[in-house]
Amino acid sequence: DQQVKQNSPSLSVQEGRISILNCDYTNSMFDYFLWYKKYPAEGPTFLISISSIKDKNEDGRFTVFLNKSAKHLSLHIVPSQPGDSAVYFCAAQQTNDYKLSFGAGTTVTVRA
Amino acid sequence: EAQVTQNPRYLITVTGKKLTVTCSQNMNHEYMSWYRQDPGLGLRQIYYSMNVEVTDKGDVPEGYKVSRKEKRNFPLILESPSPNQTSLYFCASSLSRLNEKLFFGSGTQLSVL
Chain A
1 DQQVKQNSPS LSVQEGRISI LNCDYTNSMF DYFLWYKKYP AEGPTFLISI
51 SSIKDKNEDG RFTVFLNKSA KHLSLHIVPS QPGDSAVYFC AAQQTNDYKL
101 SFGAGTTVTV RA
Chain B
1 EAQVTQNPRY LITVTGKKLT VTCSQNMNHE YMSWYRQDPG LGLRQIYYSM
51 NVEVTDKGDV PEGYKVSRKE KRNFPLILES PSPNQTSLYF CASSLSRLNE
101 KLFFGSGTQL SVL
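Chains as they are written, first to last, in this note's numbering: chain A, 1 to 112; chain B, 1 to 113.
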């Protein structure tokens, strides 16, 4: 059973607008969360992360929000650019466990 | 250039024919792991290694073996491949296991006929 869920397989957004990607998790022991971005024919690359002691982390156009009580996190991309078209994976980890659990991914398409 | 190198990029084989997918990193990372990506399931961890000679099962280890004899290399072995192991495989490494971002290889597309 998947412990990290990305319920939207795809998202289409106009260039310059905000992209919001959602991720839910079921394991309350998760305390570190990451987002990875993947282009076709390439491996995923790290985008941004957040620890459970925070509720927001920002890096340029990318902001991740964490709502621990709802077991929900989201990634905001503002403004969206054509180069942001990719698959985005949410991942979660428990600090005392070596395993990393990934969601199924959300394909983002940024329209010109 | 810091990187994780997987070989081969593409592999077509037949059921039961043993194969090895190699993975090497040049960043002196302690932690390495293997994932498979399948549609609708995302990335699922197969095996991971915390350091040389230390490995453990991930979420989907059945049908796979790994070894970590050197820090830089972490090969994935399929002793008797079956069609349900047709997938896109990624090797990844990080400096340590704790809250560190992973560096991924470019992937190996495996088809088992």
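If you are wondering where the hints come from, they were derived from the structure by calculation, not from laboratory data.
C-beta atoms are modelled at their ideal positions from N, C-alpha and C, and glycine is treated no differently.
Keep in mind that a hint or two might mislead.
[Claimed, not checked] Below, a sample of chain B positions facing chain A; criterion: calculated Cβ distance under 10 Å:
#	residue
1	Met50
2	Val52
3	Gly107
Hints breached by this structure = Number 2 - this is the single hint that the structure violates.
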